[in-house]
Amino acid sequence: MDLTLPQEMRDFREEVRTWLHENVPREPQPHEGPAMREFDVAWQRTQYEAGWAGINWPVEYGGRGLSLLQQMIWYEELAWADAPEIGVSFVGINHAGPTLIARAGEEQKAFHLPKILQGDSVWCQGFSEPGAGSDLAGLSTRAEIVGDELVVNGQKIWTSYAELADYQELLVRTSRDGRKHDGITWVIADMHAPGITIRPIRTMTGPAHFCEVFYDDVHIPLSSVVGEVGNGWSVAMSTLSFERGTGFLREQVKLVRLIDELTALARDRVDHRGRRRIDDDTIAARLATARAETSALTAMALADISRNARRPQPGVEGSLLRVFFSELSQRVAKLAVDIVEEDGLEARPYGRDDAYAQEWYRTFAATIAAGSKDIQRNIIGERLLGLPKGR
Amino acid sequence: MDLLPDDQQTAIAEAARDLVAAHSPPSRLHTLDDDAPVTEPTLWRLAAQQGFFGLDVPERFGGAGLSLAEQTLVFHELGRSLAAGPFLGTVVAARLAAAAGDEALLADLVDGRLPVGLADVATEGLYRTFDADDARAYVVVSRDGAAFYDADAVEVVRRRPCVDAASRWAELRVTGQPRISTHPDQFDAVGYGSILISAMLSGICAATRDQSAEYAKVRKQFDLPIGSFQAVKHRCSDNAVRAEAAAQVVTLAALTMEDGRADAGLMWAAARSVTADHALRNCSDNIQNHGGIGYTGEHDAHLFLKRAQVLADLLLTQADVRDAVLDAPEARPA
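Residue numbers (our numbering), protein chains in the order written: chain A, 914 to 1304; chain B, 47 to 380.
To be clear, the hints were calculated from the coordinates, so they are not data collected in a lab.
All of these numbers come straight from a predicted model, not from anything done at the bench.
Worth double-checking, as some hints may not be accurate.
Claimed, not checked - Think about it this way: if two alpha-carbon atoms lie no more than 27 angstroms apart in a straight line, the pair counts; the simulated BS3-like pairs of lysine-lysine are:
1) A:Lys1286 <-> A:Lys1247
2) A:Lys1286 <-> B:Lys352
3) A:Lys1302 <-> B:Lys266
4) A:Lys1167 <-> A:Lys1247
5) A:Lys1302 <-> B:Lys263
6) B:Lys266 <-> A:Lys1286
7) B:Lys263 <-> B:Lys352
8) A:Lys1093 <-> A:Lys1286
What the hints assert, rightly or not - To be clear about the criterion: a stretch of chain B counts as covered by chain A if any three or more of its residues have a C-beta under 8 angstroms from a C-beta of chain A, and this derived list gives those stretches:
9) 198-208
10) 233-245
11) 257-264
No residue lacks a Cβ here, since even glycine has one placed at the ideal position from N, Cα and C.
Work the whole structure out from these sequences, hints included.
In structure tokens, the structure reads:
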């Protein structure tokens, strides 16, 4: 148990701070469409060119080959520097990249990883289907092996930024025999391939973040399979572990900052009777609880990083962090809306600093995406506590 | 940076767990006599022998020269087993004596020869302790600092029965001079004590998590273990989330205090707030998970709840904790 960072790490943090201070784009980040892609990949490229992309990715694929601790410092400082959201780069940097590093073949890694880091390719995820959400292994998008190709037919849904993506981490069913988990294959799909149709879906926050994706005789070379045919479930699970763990460090720091900001806001704002919002005991109590819980979240995140630094793959303990973080972020977002009272009723564009209601709506995704909070609790119950499976 | 225990720290935690479980399991509380001391003498003696009263006391004073982080591991285990006795007061007193440089007193404390009750502020001019049947001296902790009183410098004004069988409640009046006293700038006794209290509460979070999970594996209804039903399983999982948050925030609080970091004030207050809330919720869920047996006096489930209630009330009121959290400076890494 030790919080101190070696001098080398403190120097690294200083270097990161200085660079971010001088290089973080100050113009507003677009939240949908081609303008969003253009902005997000430009920012990714800027990071890459200065040597800040893929801090703990292997050097041979364009990364820096540094430690998880340095990656952690980078994420923390991004949040303190008000850097742009990761946006369309999320899946490539936080899911697909780490999965490829862990499970892909040499040629796949050499081709894709540098492109992800350089902002040359944008990735999306093709996991959920209309009939396979929490029961992900029940997916039915099928792929037939024809010669040296897979021919894919079916439908995916809730695919964020599909219309802006170049590649997709796609789960398909290659066999209906045996256990349903065993007939799944993880494959890299080219989103520009013939037979793919994309239909955007509006979200409750306003912008159309996610899409339906239809596959009609889409041909994918077998060389794009990651792992082996029929082995996709285990490849997919390594991806989800990444998503639930350190990938969210930055959002945790943002939550710390948001609470400090809300405390200041509650000290400034007065209600219609001229009373400061912080002098409302329920607001003060909720702020204090949220600040305390966010401190605990920081501790949990540091513990999770410490665990993951000791082993090659993130473990299921990430679900503890995920449950606590996702529900806490919802409570904090609702608290913000309650502090501003009727201003929370105003339709404001998503992404504006004072769009508290829209930010609250966004947090509803946190307990659904990356495994719903119910699935997370099943994982904790069954895999950490050893409780029997059931429904 | 590594928040998890290393091998030596894990060994300390395991030794503490084994020792406490062997001599003072929670069920011991069912058998305590009303007017006799609550401390299990063998546990107290062996705890002293293993150095548990001075883990974070410098070696030149007879301590182990480790840190508050190791001390929290021991208190986590004391909390998990609902160990009875003046552990908190004795260890707070040791740290106070170290801060004041009173080597003779330190030697008595670290060796376990002088069990010290923890006392906080009751009403005007009076102090409150829950160690009345075991303490041979008192450490009084308040906003103004900490002070050590020998037994003949205080008198018991009145006794009150406590919901927790092992908490022996008395209100005290100070009649003599303190042997030593410190200002909060010298020794943040409220923060330090709060971290130890939080460690015990986090131990209760872990104990109730495990008790519920074990029961849910063996108790059958509708021909299935109740842990296979999501309604029960998810409560058990929530207990695990709360126990993890509690354990980690205690470690972070201990390390920030030892390192003298700017966010130490926020972290101990956060630890107090989170561990109290999480322990009481875990204890409540644990009763629910056990159904009718959980409501009985003969089961241990209510013992956890009642101890958590007492711990959550020590040194600071809920309003004090709230203010401490809100008033602490922001926590940007240096």
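A quick look at each hint next to the structure:
1. A threshold of 27 angstroms between alpha carbons decides the hint, and for A:Lys1286 with A:Lys1247 the separation of about 18 angstroms falls inside it, so the pair holds.
2. The hinted pair formed by A:Lys1286 and B:Lys352 fails the criterion: a straight-line CA distance of about 31 angstroms is larger than 27 angstroms.
3. Using a Cα cut-off of 27 angstroms, the hinted pair A:Lys1302 and B:Lys266 holds, with the two alpha carbons roughly 14 angstroms apart.
4. Among the hinted pairs, A:Lys1167 with A:Lys1247 is consistent with the structure: their alpha-carbon atoms are about 16 angstroms apart, no more than 27 angstroms.
5. With a C-alpha separation of about 10 angstroms, the suggested pair A:Lys1302 and B:Lys263 falls inside the 27 angstroms cut-off, and the hint holds.
6. Pair hint B:Lys266 plus A:Lys1286 holds up; C-alpha atoms about 26 angstroms apart against a cutoff of 27 angstroms.
7. Note on B:Lys263 and B:Lys352: the hinted pairing holds, with a Cα-Cα distance of about 25 angstroms set against a maximum of 27 angstroms.
8. Of the supplied pair hints, the one linking A:Lys1093 and A:Lys1286 holds, its CA atoms being roughly 23 angstroms apart against a limit of 27 angstroms.
9. Closer than 8 angstroms: that is the beta-carbon criterion, and the region 198-208 of chain B has 0 residues meeting it against chain A, so the requirement of 3 is violated.
10. Residues of the region 233-245 of chain B lying with their CB closer than 8 angstroms to a CB of chain A number 0, which falls below the three-residue condition for coverage.
11. Check on the region 257-264 of chain B: 3 of its residues sit with their Cβ under 8 angstroms from a Cβ of chain A, so the three-residue criterion for coverage holds.
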